[in-house]
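Trainee: Residues per chain, in single letters:
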Amino acid sequence: MGNVLVLAEQSHGKFPKTTLVAITAGLAAAGKNGGECHAALLGKGVEGLAAELAAHGVKKVLVVDDPALEHYVADAWSSALAQLAKDGGYSVVLGTATAVGKDLLPRVAVRLGAGYASDVTGIVDGNTYLRPMWAGNVIATVQLEGPAQVVSVRATAFDAAGTGAAGAVEKKSVSIDDAAKKTKFVDYAETKSDRPVLTEASIVVSGGRGLKSGENFTTYLEPLVDALGAAMGASRAAVDAGFVPNDLQIGQTGKVVAPTLYIAVGISGAIQHLAGMKDSKVIVSINKDEEAPIFQISDYGLVGDLFKEVPALTEEVKKLKGH
Amino acid sequence: MKILVTAKRVPDPNSAIKVKPDGTGIVTDGLKYVVNPFDENAIEEALKIKEKVSGTEVVLVSIGDKTAQEQLRTGLAMGGDRAILVLADGELDSLGVARVLQKIVETEKADLVLLGKQAIDDDSNAAGQMLAELLAWPQATFASKVELGGDQKSATVTREVDGGLETLSLPLPAVITADLRLNEPRYASLPGIMKARKKELKEIPVADLGVDVKPKLKVVKLQPPPARQGGRKVASVQELVEVLHSEAKVI
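First to last, the sequence lines map onto chains A and B.
According to my numbering, the residues represented by the first sequence are -17 to 305, in order.
According to my numbering, the residues represented by the second sequence are -9 to 241, in order.
None of these hints come from the bench; they were simulated from the model.
If you're wondering where the values come from, they're calculated on a predicted model, not measured in any experiment.
For every residue, glycine included, the Cβ atom is placed at its ideal position computed from N, Cα and C.
There's no promise every hint is true.
As the list claims (entries may be wrong) - The list that follows gives simulated cross-link-like pairs (lysine to any residue, SDA-like), each with its CA atoms no further than 25 Å apart:
id, chain 1, residue 1, chain 2, residue 2
1, A, -4, A, 253
2, A, 303, A, 176
3, A, 166, B, 240
4, A, 260, B, 220
5, A, 14, A, 166
6, B, 211, A, 166
7, A, 26, A, 107
8, B, 42, B, 204
9, A, 14, B, 208
10, B, 204, A, 93
11, B, 211, A, 253
12, A, 194, A, 81
13, B, 8, A, 302
14, A, 260, B, 135
15, B, 22, B, 237
16, A, 194, B, 22
17, B, 135, A, 298
18, A, 166, B, -9
Claimed, not checked - Examples of chain A residues toward chain B, derived with CB under 7 Å:
id, residue
19, 88
20, 127
21, 129
22, 157
23, 264
24, 275
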């Protein structure tokens, strides 16, 4: 019997799309393993959130409420999640490849003596997965050996789970050694924005080095972003240059997005950037260099000066939307 | 203080990577190899600590065949003190890598291990975290800033996470994985390259470590990703909005 335990992250009392994606993947993995999909909710004062999680198609939610788990820290959470997995005899522990998932799940794999596959984009069977390698230039079919598996899934590869029959909620306690409580959370400087979350938005407008400055992001890009009700992203070059904060970076080692519409402005299209957006449904690029590699993967390309074209595009969008 | 840093040999990130027709690997003809870019950030950070804290030794580690000597010499040329090459045939998975590194860490009695957050070939983003768990050490991944405590017994690390920047405090010994903006890796100077030739590079066959490196993750086959259909150019923003609305129906 192969039951799956899904790590359910919550943020400010809500379950982000990345958690609902993990549930969908968990349900698929459970199906392939002939078992059930359960979810693990860890934290301090999170019991009240369990019912909402249980309403998203999992058979059971395990809740661990422990002061040591108030903030996410790898060592304490690894101890807690691994205990839940061992005590419950789960065959698979699964989470989304968020900053938390990537940080935590490899440690859990070690604790469980399990094989680990990261950034999985497809579940082929009970222990076979697809995952990108070489910045997405290669899709590998990989197999995990052994009775236990740990998997992180790419958020853009699965749909968000909807609500369904309500699962059960079970309170659990774990015992976390002092040896696993060495890390101290100090601070989280969260970028505040009224815009849609980058990894959840259906339209993303990204700026690259071509914008030339942070002020230009504000003056030229943001009006387009807001006219479209989009999220804003950026290339690594723009972040490195200090134009915008790090959490806007899209690419092999930044965020991977796959919105319905991706508009790349002043981005040349380095392999590493493409790795983060080439699964978008429709890709549009605006660049003054007609040889820019980004045009090769764009559905629609506009060769032109972005400082002229972007304001004009913003006006056309506003006209279309009747403003 | 002793810092262990990884220097993985990977294909140049700007290479065009192609899958062999039989799916058993990538085409390696003509590929240039470099130190994994994130490992370069890790090496740079180790060297910066060495410059600040007297008596620090920076030991580079790589796992692979003899060709990996090249990447270790690069790290030595940047300023590393000595290097260890664990000779291993065939692919190790992240757990195998972590187990090898654990043995080296324990033998060397390292105080700090710095690795790149991920290798740009397999993109696993796992070895550092697994090593930390095997050692029962705290970790700070995706580090964009590292500050050691005055007595080198702790570190305050700022990390790039999904929503912004997170700061953690950890006692040493610890594992820290480097992100891009941690620092600007230095180029090896000509004197550095000359000195590197005389620095110790020890080769250890993996069997001598007595570590179980049997992989739990096996790569069964490789294939190229689905190709995108070619697109077209539009002549104006008016045309662009028109096609996005009527043809693609995305706005």
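Trainee: Each hint needs a verdict: does it hold in this structure or not?
Mentor: Hints, one by one, checked against the model:
1. Distance hint between residue -4(A) and residue 253(A) is unfulfilled; the C-alpha atoms sit about 34 Å from each other, more than 25 Å.
2. In summary, the hint linking residue 303(A) to residue 176(A) is supported, as the alpha carbons are separated by about 20 Å, within the 25 Å threshold.
3. Pair hint residue 166(A) plus residue 240(B) does not hold up; C-alpha atoms about 45 Å apart against a cutoff of 25 Å.
4. The suggested pairing of residue 260(A) with residue 220(B) holds, with an alpha-carbon distance near 13 Å, which does not exceed 25 Å.
5. Distance check on the hinted pair: residue 14(A) and residue 166(A) sit about 39 Å apart at the alpha-carbon level, beyond 25 Å; violated.
6. Taken as a hint, the residue 211(B) and residue 166(A) pair is broken in the structure, with Cα atoms around 42 Å apart against an allowance of 25 Å.
7. About 35 Å separates the Cα atoms of residue 26(A) and residue 107(A), which puts this hinted pair outside 25 Å; it is violated.
8. This hinted pair does not check out: residue 42(B) and residue 204(B) have alpha carbons roughly 40 Å apart, beyond 25 Å.
9. For the suggested pair residue 14(A) and residue 208(B), the alpha carbons sit about 19 Å apart, so the restraint of at most 25 Å is met.
10. Taking the CA atoms of residue 204(B) and residue 93(A), the gap is about 17 Å. The hint holds against a cut of 25 Å.
11. Distance restraint check for residue 211(B) and residue 253(A): the Cα-Cα separation of roughly 22 Å lies within the 25 Å cut-off, and the hinted pair is therefore satisfied.
12. Taking the CA atoms of residue 194(A) and residue 81(A), the gap is about 29 Å. The hint is violated against a cut of 25 Å.
13. A threshold of 25 Å between alpha carbons decides the hint, and for residue 8(B) with residue 302(A) the separation of about 43 Å lies outside it, so the pair is violated.
14. For the given pair, residue 260(A) sits about 30 Å from residue 135(B) by alpha-carbon distance, which is inconsistent with the 25 Å threshold.
15. About 43 Å separates the Cα atoms of residue 22(B) and residue 237(B), which puts this hinted pair outside 25 Å; it is violated.
16. For the given pair, residue 194(A) sits about 31 Å from residue 22(B) by alpha-carbon distance, which is inconsistent with the 25 Å threshold.
17. Only pairs whose Cα atoms come within 25 Å are accepted, and residue 135(B) paired with residue 298(A) is rejected, the gap being roughly 43 Å.
18. With a C-alpha separation of about 22 Å, the suggested pair residue 166(A) and residue -9(B) falls inside the 25 Å cut-off, and the hint holds.
19. Evaluation of the residue 88(A) hint against chain B yields a held restraint, the C-beta minimum of about 4 Å falling below 7 Å.
20. Among the interface hints, the one on residue 127(A) holds; its C-beta lies about 5 Å from the nearest C-beta in chain B, closer than the 7 Å criterion.
21. Because the closest C-beta pair between residue 129(A) and chain B is about 11 Å apart, greater than 7 Å, the hint is violated.
22. Of the supplied interface hints, the one on residue 157(A) is violated, with its beta-carbon coming no nearer than about 16 Å to a beta-carbon of chain B, more than 7 Å.
23. A hinted interface residue such as residue 264(A) counts as satisfied when its beta carbon comes closer than 7 Å to some beta carbon of chain B; here the least separation is about 5 Å, so the hint holds.
24. Interface restraint check for residue 275(A): the shortest CB-CB distance to chain B comes to about 11 Å, outside 7 Å, so the restraint is violated.
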